[in-house]
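Enquirer: Protein chains in written order, with the UniProt record's numbering: chain Y, 1 to 321; chain S, 1 to 321; chain Z, 1 to 321; chain P, 1 to 321; chain V, 1 to 321; chain C, 1 to 321.
Simulated from the structure, these hints should not be mistaken for laboratory data.
The C-beta atom is built at its ideal place from N, Cα and C for all residues, glycine as well.
Hints are supplied without guarantee of correctness; some may be wrong.
[Said to hold, decoys possible] Taking lysine-lysine and the BS3-like style, the derived pairs with C-alpha atoms no more than 25 Å apart in a straight line are: (1) Z:Lys150 with S:Lys26; (2) C:Lys26 with Y:Lys70; (3) V:Lys291 with S:Lys291; (4) P:Lys32 with C:Lys59; (5) V:Lys130 with Z:Lys26; (6) C:Lys83 with Y:Lys70; (7) Z:Lys59 with S:Lys26; (8) C:Lys3 with C:Lys32.
[Unchecked claim] Only some residues are given here: those of chain P computed to face chain S with a beta carbon under 10 Å: (9) Gln177; (10) His274; (11) Asp279; (12) Asp299.
Number of protein chains: 6
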Amino acid sequence: MAKQIAQYQEGESMQLFALLKEAAAKTTSAGKPYLALTISDASGEISGMRWDATPDEIKQLQAGKVVSVKGQRETYRDRPQIKIDSIRLATESEPHDPLLFVPRAPETTIQLKAGFREFFYLIDEPVWRKIAGHLFSKHGEKLFSYPAAKSNHHAFVGGLAFHTLSILRLARSVVGQYPNVNAALLYTGAMLHDLGKTIELSGPIATQYTVMGNLIGHISLLDGEIVQACDELGFDPESPKVVLLRHMILSHHGLLEYGSPSRPQLLEAEILHHLDELDASIMTIQTALNKTAPGEYTDRLFSLDNRRFYRPTNEETLKKS
Amino acid sequence: MAKQIAQYQEGESMQLFALLKEAAAKTTSAGKPYLALTISDASGEISGMRWDATPDEIKQLQAGKVVSVKGQRETYRDRPQIKIDSIRLATESEPHDPLLFVPRAPETTIQLKAGFREFFYLIDEPVWRKIAGHLFSKHGEKLFSYPAAKSNHHAFVGGLAFHTLSILRLARSVVGQYPNVNAALLYTGAMLHDLGKTIELSGPIATQYTVMGNLIGHISLLDGEIVQACDELGFDPESPKVVLLRHMILSHHGLLEYGSPSRPQLLEAEILHHLDELDASIMTIQTALNKTAPGEYTDRLFSLDNRRFYRPTNEETLKKS
Amino acid sequence: MAKQIAQYQEGESMQLFALLKEAAAKTTSAGKPYLALTISDASGEISGMRWDATPDEIKQLQAGKVVSVKGQRETYRDRPQIKIDSIRLATESEPHDPLLFVPRAPETTIQLKAGFREFFYLIDEPVWRKIAGHLFSKHGEKLFSYPAAKSNHHAFVGGLAFHTLSILRLARSVVGQYPNVNAALLYTGAMLHDLGKTIELSGPIATQYTVMGNLIGHISLLDGEIVQACDELGFDPESPKVVLLRHMILSHHGLLEYGSPSRPQLLEAEILHHLDELDASIMTIQTALNKTAPGEYTDRLFSLDNRRFYRPTNEETLKKS
Amino acid sequence: MAKQIAQYQEGESMQLFALLKEAAAKTTSAGKPYLALTISDASGEISGMRWDATPDEIKQLQAGKVVSVKGQRETYRDRPQIKIDSIRLATESEPHDPLLFVPRAPETTIQLKAGFREFFYLIDEPVWRKIAGHLFSKHGEKLFSYPAAKSNHHAFVGGLAFHTLSILRLARSVVGQYPNVNAALLYTGAMLHDLGKTIELSGPIATQYTVMGNLIGHISLLDGEIVQACDELGFDPESPKVVLLRHMILSHHGLLEYGSPSRPQLLEAEILHHLDELDASIMTIQTALNKTAPGEYTDRLFSLDNRRFYRPTNEETLKKS
Amino acid sequence: MAKQIAQYQEGESMQLFALLKEAAAKTTSAGKPYLALTISDASGEISGMRWDATPDEIKQLQAGKVVSVKGQRETYRDRPQIKIDSIRLATESEPHDPLLFVPRAPETTIQLKAGFREFFYLIDEPVWRKIAGHLFSKHGEKLFSYPAAKSNHHAFVGGLAFHTLSILRLARSVVGQYPNVNAALLYTGAMLHDLGKTIELSGPIATQYTVMGNLIGHISLLDGEIVQACDELGFDPESPKVVLLRHMILSHHGLLEYGSPSRPQLLEAEILHHLDELDASIMTIQTALNKTAPGEYTDRLFSLDNRRFYRPTNEETLKKS
Amino acid sequence: MAKQIAQYQEGESMQLFALLKEAAAKTTSAGKPYLALTISDASGEISGMRWDATPDEIKQLQAGKVVSVKGQRETYRDRPQIKIDSIRLATESEPHDPLLFVPRAPETTIQLKAGFREFFYLIDEPVWRKIAGHLFSKHGEKLFSYPAAKSNHHAFVGGLAFHTLSILRLARSVVGQYPNVNAALLYTGAMLHDLGKTIELSGPIATQYTVMGNLIGHISLLDGEIVQACDELGFDPESPKVVLLRHMILSHHGLLEYGSPSRPQLLEAEILHHLDELDASIMTIQTALNKTAPGEYTDRLFSLDNRRFYRPTNEETLKKS
């Protein structure tokens with residue numbers, strides 16, 4: 001596999017394909033045009049300037065394109081930077097699909113879909129299974145490519161499906177351990193809880209909030225989708241079983257302050273909220289620790305109240321007798 | 001008009017028709033059956049015991065019935081109480097409609113409906129007007145009998161319509177004063193903002209939260225109703241105009257902590273939130289001050305952060321030159 | 001099995017053995033001595049008066065004794081009450097061990113101990129295993145009889161061990177699902193996290209906080225016990241591995257406001273905190289739902305922010321095709 | 001009307017009169033003197049450097065002066081900047097009054113004063129009217145030139161009077177709608193509520209907090225002014241009517257956290273607080289939306305909890321049938 | 001000295017003079033008049049019923065009078081109660097001054113005044129000393145009889161002066177220890193900080209908040225008094241020295257949430273706030289501990305965040321070698 | 001005494017010895033090596049670049065070394081900067097001890113130790129005195145060189161001892177004024193309260209948090225040290241007197257949110273908490289005011305809720321008659 005951005009050292013010559021993440025045409029104080037660029041791949045990103053950019057370059061080098069770059073890794077104001085020697089668009093015969101250059105879930109789409117199917121068959125209540133089935137027909141494809149969030153946890157292609165499946169697996173061990181839990185309700189709720197993010201977010205690459213994401217939010221968007229599904233399936237959206245399911249979605253952020261219009265009032269809703277937080281926390285911390293040297297602290301993690309986490313050294317964790 | 005409960009003095013003989021608000025059959029320590037009763041009318045309520053209740057009385061005197069009572073107003077543990085001499089159900093030829101004995105809005109239903117109609121014609125955007133029309137066909141009748149809340153502000157028959165109309169009138173003066181406000185959006189939002197309470201609450205008398213009121217809440221219930229209305233009217237519930245309207249409803253509590261899943265992000269949504277709070281505060285305070293003597297403080301008002309309000313004396317407010 | 005307190009109906013004659021939970025000698029306004037009593041068993045409790053109590057009765061009927069009672073179930077001020085006809089101490093030949101009349105964990109002590117042993121052998125780091133072993137030798141017996149809290153969750157005999165074992169089981173499924181978790185650290189932390197409660201609380205019956213429980217708290221008490229254990233085992237309590245373990249204990253309440261002197265800064269500490277909350281919430285809700293009829297709400301649960309939880313009806317949860 | 005700062009495009013030549021808002025003499029690393037300047041007019045502001053500034057220029061170009069500038073609009077670090085070709089003080093025969101170059105209220109001073117007079121005559125309680133009259137004689141002129149705040153809402157010349165008058169107009173519609181409101185008290189309170197800002201702030205241009213503004217604040221400053229007015233008018237500042245008026249001023253921020261030493265305890269004080277918030281919110285949002293393109297969000301608005309507001313597109317708001 | 005209320009034991013005969021703290025005329029369910037009374041002295045209070053009260057008794061036994069009582073100490077609903085055998089007003093020749101029966105500061109008025117005088121002469125800045133002198137001429141007498149609060153800390157006759165003097169003494173040791181403190185400013189601020197309570201509270205006995213105490217509060221009341229004093233002394237209330245002094249008063253609660261309209265911005269203001277809290281906390285805890293047995297906890301102390309404090313046993317504090 | 005960094009004016013030639021606080025080797029965009037340096041002494045610090053740094057210079061000029069520097073004081077981006085003409089390591093015969101160039105407590109180590117000794121002899125309870133003695137033998141030397149915090153208050157050499165001694169002196173005046181305070185407990189608690197910082201922090205120069213400082217914190221670290229001391233002295237760490245002392249340490253931050261695992265529940269613990277806050281506040285404000293001109297405000301002080309403090313002018317504080 002080709003060398004990736006994060007693998008180059010200070011001072012080393014770079015030659016690689018990468019995604020053009022940002023590209024802004026600017027002018028020097030002397031009036032000369034240049035491009036301020038950021039290139040990225042699954043390993044990370046680096047910025048650099050294309051001085052004396054030609055009009056052609058300014059026109060072609062748009063964010064979202066894949067490029068072939070040569071240059072050198074340097075440091076500018078304490079941050080890594082690439083001194084660009086040459087840059088051009090990747091051709092048809094070279095790697096040129098942007099999705100090749102973004103981080104991905106640790107399981108393949110096929111594995112993720114197989115994982116979901118298993119739980120789908122465990123929903124032995126027909127109303128809930130039909131609503132879940134209907135909504136997956138409509139939005140399911142996006143689930144397997146979207147990230148679980150704009151940044152923070154599971155911010156990678158397929159992250160939304162991977163996060164959902166992790167929660168389902170934790171839910172299965174909870175169901176096995178506590179006798180009174182309604183498994184079908186918990187699984188349906190878990191499966192649908194974040195599906196509204198396929199409407200709230202713009203897509204897997206250069207993810208932004210849509211206008212309806214901002215004004216309505218993924219929780220109420222999915223609640224509306226369940227109402228629509230009921231209309232099409234012939235269920236009354238205010239009948240008892242649908243009300244229980246809607247409550248699972250509406251309450252899964254746990255606290256009003258976190259955007260849930262009602263707090264959990266069902267055992268299964270309380271469980272879903274805890275598992276959602278648990279999986280998001282673990283994934284956020286693991287991702288940050290992977291970028292941290294042993295004996296050091298991660299950056300402050302915004303979604304975890306700005307805490308920093310410590311990565312123990314080998315000495316601290318190696319077993320000795 | 002007949003003398004009402006609140007108008008009787010300590011020690012005075014009472015004779016009146018009233019609503020049986022609570023009626024519990026109990027047994028004395030000596031093993032004799034009795035009824036613990038609370039009777040109410042628009043002016044207030046008073047409790048009393050029916051000692052030595054006959055089996056017939058225990059059967060007939062159910063909460064929700066209208067009764068004819070004779071007795072005497074006394075004090076027991078610092079609270080007024082009626083010593084009941086006789087009590088029986090009101091007959092068909094006497095006042096016997098429970099709605100006669102509950103507090104009502106200061107405008108009649110006809111006046112309230114006329115008030116609404118006026119604003120309905122001011123909604124000059126067809127999508128919003130059709131949705132409003134559809135939802136009023138479906139839930140409008142309840143709007144004119146329901147209270148605006150289980151307790152607190154506007155907790156009287158017709159309170160929900162009266163509260164909504166007050167906001168619409170305040171909205172009209174805001175529209176007249178600030179040039180950039182979208183009047184049609186503000187009026188539609190104001191008109192619909194609390195309509196979900198007709199699903200959240202059980203009805204105008206002995207008002208309780210329904211299960212779906214607890215699990216979903218009036219804000220999300222109405223959002224679901226708008227989605228349903230769109231399906232029936234052929235609008236896309238995620239099209240821009242519907243999204244703006246849904247945002248008006250979803251954000252009208254202003255803060256996530258107060259149950260809105262998103263905070264106001266439109267000028268009109270911010271205005272609606274402020275007018276809702278303003279009208280609810282004024283009505284809560286006025287109701288409490290009406291029960292308070294000049295120079296005294298109201299009880300602590302729960303919905304106003306447990307503040308007490310002062311009713312000035314004549315000396316403090318009379319004009320003199 | 002004999003009929004228990006909660007199984008008697010209004011008006012029914014009662015005859016049973018029970019624990020005397022409270023017993024206060026008082027005097028009527030007429031100057032006659034009586035006893036205000038509360039009796040309890042694993043199913044619940046009920047209060048009653050022993051009128052005209054003899055000096056002998058006043059001397060013998062002390063809280064903590066097992067008694068044989070006859071009487072009748074009545075209602076006084078909306079609460080159930082027993083009208084006591086006769087009451088005496090249980091004899092040696094009758095059930096007289098107070099532990100027979102308190103609620104117990106759903107697994108036997110033998111099962112709980114076997115469950116613990118399994119995890120103990122999974123701690124493959126010698127420093128942590130030795131500390132855990134040392135502390136279980138010292139405080140382990142109490143762990144299997146103490147409740148997990150004075151009230152709230154797991155407030156029954158063996159509750160502390162049952163709660164700890166549930167967390168260990170959830171931890172095992174987390175270890176299986178996320179690759180980077182240090183299993184030995186997580187298991188040791190989980191095993192010890194609430195062991196300080198055996199010092200903080202007075203015992204399994206009539207549980208109170210001890211003075212050192214109030215002034216120091218179970219978190220710092222156990223941290224002190226780990227330091228003592230290190231001294232006796234020859235480890236430096238400020239060496240890296242011990243520091244990691246102490247952090248697991250000190251941070252397990254998650255927030256400073258909840259009494260942890262530091263917030264979780266290790267992945268394993270964050271997981272332990274979440275699993276602790278998850279298990280405590282589930283057990284609190286299950287216990288409350290078991291006392292609630294279908295279609296009704298539990299009382300407000302203090303440890304869950306005063307929320308009430310809904311127990312769905314059969315109609316809402318039965319599967320139909 | 002001459003072209004204003006905000007109307008120039010990237011790359012365009014600029015020639016205009018403007019107010020010198022900031023002017024700092026500095027030295028390049030090569031030791032040459034230059035001036036870092038910011039010029040502003042009612043439309044906005046722009047910064048630029050005067051390289052190789054002469055000693056005369058450094059002496060004359062002081063903040064607060066009006067200048068004639070020629071140059072070119074460029075971009076530096078993502079922000080607009082003017083490349084200055086020439087700059088000199090405006091002469092007596094050119095526009096040279098700084099007040100010509102600051103944003104102003106949408107009504108003229110004459111209109112604002114007429115608006116106030118109308119409400120002044122509606123105060124039919126002599127004590128309140130005399131106090132208001134006295135304070136307007138003393139501080140009124142400043143009211144019509146000061147902004148309502150250092151930044152945020154109504155931060156323009158005359159903003160304080162415009163904000164006050166808007167509240168008075170809203171108050172009139174509240175008085176018309178709710179029967180029990182004391183109009184004279186509400187109008188006097190509204191009229192005086194922010195008058196202390198004429199002492200708290202330094203003036204209409206380059207507005208800063210004064211030392212007494214910081215140490216005492218506009219609320220207590222005006223309370224002190226009322227006490228002084230009473231002394232001069234022969235009223236007792238602790239007599240009932242004055243106490244009611246002082247309470248209106250002291251409580252108008254609504255919450256202790258917002259600097260009111262007591263929370264509203266009069267109906268009229270609660271209303272004043274709500275109207276103050278309503279008008280400030282509307283004006284803040286309108287000002288921000290005017291700088292925002294349709295379909296975009298405003299910057300985060302500090303005084304509105306850092307929310308961003310959305311400006312709908314034409315498609316979203318145009319009426320169609 | 002005569003035996004006081006708190007010194008009688010359960011069942012003991014009582015005979016004493018006491019203050020009639022509360023006296024309410026009521027009627028039994030059988031229609032007979034009786035009086036519900038509470039009597040108090042410096043040691044505490046106790047309630048009791050005067051059954052079959054004569055019209056004369058009902059007329060004479062008013063709250064605030066001193067009475068001679070005979071009866072017996074009993075227990076009713078877990079609270080001590082006096083069974084009244086006889087009760088009558090104290091005569092002129094008996095102890096009949098209500099101030100004899102209320103708790104008092106541990107120093108005499110003469111001692112307290114001498115203490116104040118000492119600090120008064122330490123204020124070597126004429127403006128501050130004159131203002132302090134003026135306000136003590138006007139309100140000083142009340143200072144030496146009023147309590148420092150309606151309940152909580154220093155709720156005894158002379159408590160306000162005693163609290164103020166304690167702060168002044170602590171302030172002196174701070175001045176001795178830190179070189180940059182302006183002693184004159186700190187002493188003047190300390191001396192005046194709570195003087196507004198003589199207007200906020202109704203008096204030393206049966207202390208209530210006055211209307212102006214509720215609507216304006218002691219902080220703003222004293223600020224107004226300083227303004228008045230300036231008018232009479234010929235100082236400008238907005239001149240620098242007066243502004244510093246007003247800031248001391250306005251900010252002494254430390255936080256806006258505690259009713260200070262501005263937070264401390266002077267070193268001396270920060271110190272005054274801390275010393276005020278320190279002295280109030282110590283006095284509140286000492287008072288509560290004095291009512292608590294060794295080895296027990298105080299009741300929850302409202303003004304200290306509902307904490308309970310522990311009174312150590314002799315074993316825990318006795319010195320042994 | 002030689003001229004210090006803060007005493008040089010803009011444009012002045014500098015020649016001085018200083019501590020090299022930061023030294024980072026970097027490369028210009030043209031590929032030339034340079035050093036980014038910050039030098040400091042007790043008066044402050046200043047940054048500068050060493051252009052064209054030789055390999056020898058890059059190797060020798062390490063942070064922590066003392067250097068001899070010549071250059072000129074300039075301004076770069078509104079901050080002072082030194083243009084370095086020459087720089088070299090100080091020789092053995094020149095001032096070369098880093099401790100000479102850091103700010104120090106206003107009392108000498110000898111004075112501080114004498115101050116401590118005095119209080120040590122006032123601890124007349126043997127258990128507490130022996131524990132204090134043991135811990136001072138172990139950690140005392142560090143106490144006299146460490147700062148009291150990484151930044152904020154007392155961030156200078158000896159600051160920890162100076163802060164502790166100031167609290168002891170304030171404690172003595174509290175003991176003299178309130179009769180019920182246990183002096184021995186208060187003095188021992190005050191003496192030990194921050195001793196854990198000698199483990200939490202890395203040392204007197206370039207102070208950082210240690211890993212165990214982050215994961216355990218100085219409060220729990222010292223609690224552990226007390227337990228260890230008990231083991232070595234033969235005391236039971238859970239015996240009553242030790243529990244009281246441990247509570248003093250554990251609760252001294254006053255609030256759970258500030259890191260204390262339990263809130264003060266002893267009078268002495270509440271006093272210690274207040275004195276700790278008082279001394280830290282005074283020292284923080286004094287330090288900031290010393291850097292502020294009369295009539296100006298300090299920077300925002302983070303540890304004091306971001307407040308700014310005002311330094312009065314002479315006019316405001318000078319006495320005149």
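Enquirer: Checked against the structure, which of the hints given earlier come out wrong?
Expert: Checked against the structure, the hints that fail are numbers 1, 3, 4, 5, 6, 7, 8, 12, while the rest are satisfied.
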